[in-house]
Each structure stands twice: as C-alpha cells, then as structure tokens.
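Asker: Assemble the complex: chain A is given as a structure, and chain B must be docked to it using the hints.
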Amino acid sequence: MGRGRISAWWSDPWRKPRVLAAVTIGYLLWSLLPVLVAALFSFNSGRSRTTWQGFSMRWYYGDPELSVWHDPDLHTALFHTLRLGVLTTLVTVPLGVALAIGLHRWRGRISGSANSMLLLSFVLPETLLAVALLLVVTQLVLPFTLGTTAQVIGLVTYQLAYPAILVRARLATIGDQLEEAAMDLGASPLSAQRRVILPMLVPAIVASAVLVFADVIDDFVIVRYLSGDATTEPTSVKIYNTARAAPTPALNALATLLLVASMLAVVLGFVLYRYLGNRAGERESIGSFAGET
Amino acid sequence: VTAAPLPAIQESPDREPGSRRAGRRPGGRLLGPILALPGIVWLLLFFLAPLYVVLAVVFGGVDPVFRTVIPVWNPVYWSSDQPIYVLTHIVGDEGIFGPALLRTAVYVLTASVLCLLIAFPIAYYVARLSGRWRGLLLALLIAPFWISYMMRMLAWVNLLANDGLVNRVITLGGIFPGVEWLSGRSIVVILGLVYGYVPYMIIPLYAGLDRLPYELVEGARDLGASRPSAFWRVTWPMSRPIVIASVLLTCLPMLGDYFTSDLLSGSPSTSMVGNLINNTVLTPGQTGQAGAFVLLVLIVSILPMVYYVRSVSRSDGAV
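Residue numbers (my numbering), protein chains in the order written: chain A, 1 to 293; chain B, 1 to 319.
In short, the hints are calculated from the structure, not lab data.
Accuracy of the hints is not assured; some may be wrong.
Covered by chain B, per the in silico footprint, the following chain A stretches (three or more residues, Cβ under 8 Å) [unchecked claim]:
(1) 24-34
(2) 58-67
(3) 106-113
(4) 185-195
(5) 259-272
By construction, the Cβ of each residue, glycine as well, lies at the ideal position given by its N, Cα and C atoms.
One chain only, chain B, in its complex shape:
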C-alpha cells in the first residue's frame, strides 16, 4: 500500500515545447524509448497480460471431472456461465453473494469518511505547522507506513482478545462482563480498516496541503473574510482535488481487503468482497467465481482509477 503522487496545483514553468532536447544529436531520440523499453515490457507481461488471463478464466470452462479451471484464450469461444452464475446469485432467493457486496460498500464508505475526518485535520495542522516539531511530527505520522499491516492488526488482536487490555480496562479488572470484540462485529472491522488505512491518507493529504498557496487565504482574511468563511471559500475548494485523490488512494485497496475482516472478526457475518475472492480462489471448481469477483471489483474501480490517472497526468509530466 502506498502514498502517492497527487495532482499538482500549479503548472511547472519549464514546459515550453520548443526547448525539448531529445533528438538534438543523432541517437538522442532513441535513448528515451530504449531506456523505457524494459519497464514497459515488464508491465505488459506482468500487469496487462495477467488481466487477460483473468478474463480467459472467468469466461472459460470448468473440467466436469476434476473441477479444475480450463481457461479459454480465444474470445470467440468464451462462455458466460460463470459470470452469469455469480450475477444471478447476488440478489433474490439465491442471493448468497449480495450481503457481502453490500457490506463491502457500507464498510468502505464508512471507513473512508472516518479516515477523512481524522486525516484532514491532522494533515492540515502539520502542513501549517512550522518550527522544530514539524519534522518530528511528520516522522511519527509516517511511522505506521513502515510498520507491517499484519503487525498492526496483530496488535489489535492482542488488545481486543477476551482477556486483553481493552476488556480489562472496561470491565475494571473483571467486575463487569467483558465484550467478545473479535467475533463478527462490524464496528470492529470498520475501525480496523480505519486504523489500517488512515496513514495512507494522511501522507498524500499532507503533501498536497503543504503546497497550497496560503497567500490566497491571507488575502481573503485581509479582505474581511472570517476564519471559517476563508476556510470554506478558499482553502476547501483549493484542497478538493487533493482530498478526492487521497480518498481514492485509500478506498481502492480497501476494496480488495479480506485480511482485516479475517483477523478482527473471522466470521462470515462481516465478510467483504475480498473474502469472497479469497475463499473461492483456492477452492477447486470455484476459481472462475473468484475471477468473476475480481472482474466485478475491477469494473467498479476502473472509473476512479482512470480519474486518478488522468488528474495526475494532466497536472504535468512530473506526476
């Protein structure tokens, strides 16, 4: 998981097309493509081609005896049995997949909103802070980024265990009945998602807010705007693209998350679409279903991803 490039607010000045230097000397024009080639080939082989393999598996068949997947490479012979099976089991009497899909939407939305409510004030505060505390605060804010997600979840598994510290505190050492936190509670999974992903929102938010031209806010204040109205009418509109990009960067990985629910609940009553993928992908005969869920998440996330890529590329080649 990642922090990220953000749409830049201002165009960088060195972009006059006439001053491009590539091709000034013989051989210079080829240097760019030659250097880029290995990376491009790598991405084609291990990023784009695998997505086609997913399609071949989803629209392929299943061996009737061994229940193994038979990928079909030629789109002409694609069969839509497996996607139709998945689609017909989302709603209605046999809607076994529907609740998990709905839950994913609710969890991801709630967690993203909570993340933003936590991350924005912090990123804003640190971006406006100056002096000796800033470096230290920034390092501490980035620290969770370098701590394994699994270790951070393990920490909460320890704390929320039946005899864990949280229960010990709220039962005052065993006087009141404790709570079984780790058995299928939506609230625990949502808070786990917030805990897990909020660092990945704070960093890009901070990077963007740090670059805002705050002279404009001072100008608004000089012209008589109150603090709140300067915030709502100047700071917030300027930071909106940064906020959108940061929210996308946090909720996209959440869409594939299955381990948070597995570790903090382990119950099917909190399973998300990631759990559907994870539970089916290694089950003989259901690999195609896993592929169909992958395709579903891909379709849902393609628009936000393209939006992100466009907004980053448009804001200068610098990414």
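Isolated chain A, as found in the complex:
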C-alpha cells in the first residue's frame, strides 16, 4: 500500500470498498482461525487442547494407545467415514445424472412433480429426514438394519439433488442444437446422449462427485441416527460424542485428518475439473464445488 493510499484512507476511512474489504477479511479470520488453532493443537505433545506444550506427532501415531493410528475406535471411525463417502458417491452420481438427463428431456406433469420432490428433498431440514428414515428402519421389516446400508441409503437420498441440479444447469447451457445435429446425422437418441451430451457433462459430473464426497464425509445428522453399533459410527459422530467429555488432542488429530481428506478431494477434483474445462474451452469456477450453478 503506497503513501497516497494510506493518506486517502486516513482522510476518509469509510470510503466505499474499504469497509466491505475489512468486513470480508475480518470474517475470513473469524471463520478460519479457530479451525487452524484446533488443527495446530493436534500436534501438541501434551494432553492439553488449550496449552501448547511443544510439537509432536504423538496423537497421530506416536502414542501406543491413544493415537489415531493405535486407537481402534478412532481409525475405525475414519475408515468408516471414507467408506461411506466412496459408496455414497458411487450410487448418487449415476442416479442423479440419469435423473437430470431424464427430467431435462421429459416435460410434463409427472416430471414437474418429480422435480419439485427433488428440490424438496434438498431443502427439507436434515434432522427430519434422518428421524423419518430411522423410524422406517426400526418400524418396518427390511432386508437391512441400522448400519452402513441404512447410512448409505439416507445419504444418497439427501445428496441426490446435487448432481441432478449441477447437471441440469449444465444441460441448459449446452442447449438442444448439438443433440439435434447428432440425430440429424443419424444417431439414435440414446447414442446422441452417450456420444455427444455425456462427454460435455463430464466437468459437471466431476464437480458433483467431489461435492457429494466432501459433503458426505462431513455429514453428521443422517449418519448418526442410522448408525448401528460403534463400528458404524463415523468421525463426525465420534467428535460429537467426545468433544465435551475430556478428550485428548487425538480427537483434534482425527478431525484434522478428515479435513485433509476433504481438502485433498476438493483440490484434486478442482485440478481435474479445470483441466477438463480447459479442454472443452471453458473456464470453470470453483463456485461449482459448493453447488453453485
């Protein structure tokens, strides 16, 4: 910042974008610093989560009993979280993409209601869906009980809207001409979808897969109600159960590992997304990774 800008600021500190910039930076500090502090204390060499006692990897693998690596409770939770993330993404993305293409091609009463139902599933408070599914699993005789299957079913239901919405937004910008051209050149409707439309949807599909995965591994409400015994309790539930009950920094280490998994998924996904977008000649925005269409 040059002298001129400082004196301009001094003479009128409330000049337009200054306040907004200050609010934004203040907000970023407020939203990110506490998490960084929590991550930092996972490297504490002592038991405290509030007093810094030196750097160590004790809570990751050093401690023979309490570290994430050695405490079966903690690493089971982490693996279960990742398992749920992968399984849910594998089911949700194809289901949601097919639903999006289907609803895009099919206009009418039924398709309109289906679209409304999809959007409703998206805004229904998560607790309500979780309790409803809990009652389903406990009150009906089903081929599965509480545990991984129930959790995946609940998560897929809650996440289905993401790929559907992202892909539909993409279909709307693609328009109909390419598909019509393909069919004029002799492609069947199905092969026009497969060979023309689907490749153009790949960036949106990648974005929704990352979004679903990152959202699922952070999920708490559905996975908690639909978990069976302790082996199907994922990381978020472990944090909830122990956060107020004198935990060690191993809990922070567990949360930090989850954070790293999320960030890795997002960064790798974004690199792939950018690459695919550049190849298709479009600049993709990081906003799509938060469900922005």
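Answerer: Chain B alone, transformed into the frame defined by chain A:
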C-alpha cells in the same frame, strides 16, 4: 448442508416450445422417463414414504407393556393421543415444551438476521470484485463449506473452554475471573449457529449477486442517483429474491439443529426443538412424541420450502 440453486433473474433464451426434440425419433420420447425412473423411484421410496411412516408412528399407538411404538398404517384407525399430548404440553401449567419452541424461534430468527448482516456485505463485495484476489477470496469463503461442522464446533469448544484461549485473553492470563462460556449461555449458542451456518448463506448470495445486471445500477448513477439511493432503489430490490432464498436455505436446517446447542452449551436451558426431537426419539415410549415434533417442524417449514421450490422452478427448468 448445502449451497443451492437460486431463482434466476432472467429467462434463458432457448425455451421456444416448438424446438423440443424429444420424440422426434421413435424411442426418443421414452428415453427421458426411462432415465429419470430410477431416481424418482428412489425418492418415492426413501423420501416420501418415510414421511408417511412418521405419520403412522405419530398417529399410532404405544404398547402398554413394552412402551414400544405401534405404527398404525391405515388412516382410518389413527389416534391423535400423542399429538394431543404434545399440543397440550406447549402452553399452560404443564407447558414443558413451550420454552424450547419459543427459544427455537428466537434463536433461528436472531441467527438468521446476524448471518444476513455478515453475509450480504461479503457476498456483495466479492461479487463486485475483479482481478486476481477474487479467485482466492472465493476459495477461502467456500473453505468452511468443506470443513466438517463438528470440527468447526470442536474448534470453538477448545477455544471457549474454561482454560481456553478466549478466557486466557480476556482474563489477561488469569488476573480477572474467567467466564464459563460453555454452560447454558444463549448468546454462545446463537453465535455458534451464526458461525456454523453463515458459509451456507454466503455462497448462494454470492452466486445470485454475481449475476445481477449491474448496468442498471450504473444507469441509475448516470441519471443522478447517489450511491446510497442507487443501492436502495436498484440493487436491493433486484437482490431481494436472492436474499429470501438464501435466508430460507440457512434457517431451514437450523430448525432441526440440536448439536450446536449440545456441544456449545449442553444445558436444557438452551435446548431447541431439535433437542426435543433428539432427546425423545430414542427414549422408549416417547418415539411418538419425537414424531410429533418432527411433524410440527415440517408444518412450520412446509410453506418456506414450497416457496423456495416454486421460485426455483419458475425461474426456468435450469433450476
């Protein structure tokens, strides 16, 4: 929790009904329904049907001996004992549920207003920003979206603990008496809700504000409007639908929140309707009550949800 599709401001141009291509070739007409079918069946089975199960439990009975729920599937035999029990315990002498319901309304309203006061200036600033900082700022603003809600609450549990950093700073290292932040303080729970949900408001707000036709604001300025009046008379009316949709997207999930209060207070003096649901749903004999609370939240949130769905669907099939 989620960012979201918003009502689009302008109709997209490619919507002439004559140019629809489905059905031009035999078999083409069926492709849409066939592709959509699995997703629709999934939603019917695992989204709509479970809501009916809630009704069957709420209007069902309770086993007198084992205190387990007996769902009643046929609406003809529905009994309203459990909903009546809940309704009669909201106000009056036995109004054990009233305070939590009132508290939910106050907390959610306060937190939503605070969220908007924080989110709007930030979303507006980033939407109007250009240049190299924009991408970085956007990534940092979206970052909390990918950090587990539980981890963000855990961070505050650490900071606000009796020997935590916050107390250490305000007591200047133990000279003044500290504050027990984590034992039933409404203000802590409300700020926790704001901290937890504000990222989910910033993203849809930003997405909407980014698309506003700012030429109109420039036009107003050219025609002599001052900056504030251009904002109030052009920008704000244009952004109102976006603001409403973003507020809905943040306060709907807050209505079911119980974990923020559990982690940042743990005291019944700050419990919300989500806590009533969570505390009763696994208690034998009270599952029906939990269902009744679920129904109550559903009834309260159905209008905002329908409003949201209508405003999104109306603004073009693109959602």
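Asker: State for each hint whether it applies.
Answerer: For each hint, the structure was consulted:
no.: 1; hint: 24-34; verdict: holds (count 7)
no.: 2; hint: 58-67; verdict: violated (count 0)
no.: 3; hint: 106-113; verdict: holds (count 5)
no.: 4; hint: 185-195; verdict: holds (count 4)
no.: 5; hint: 259-272; verdict: holds (count 4)
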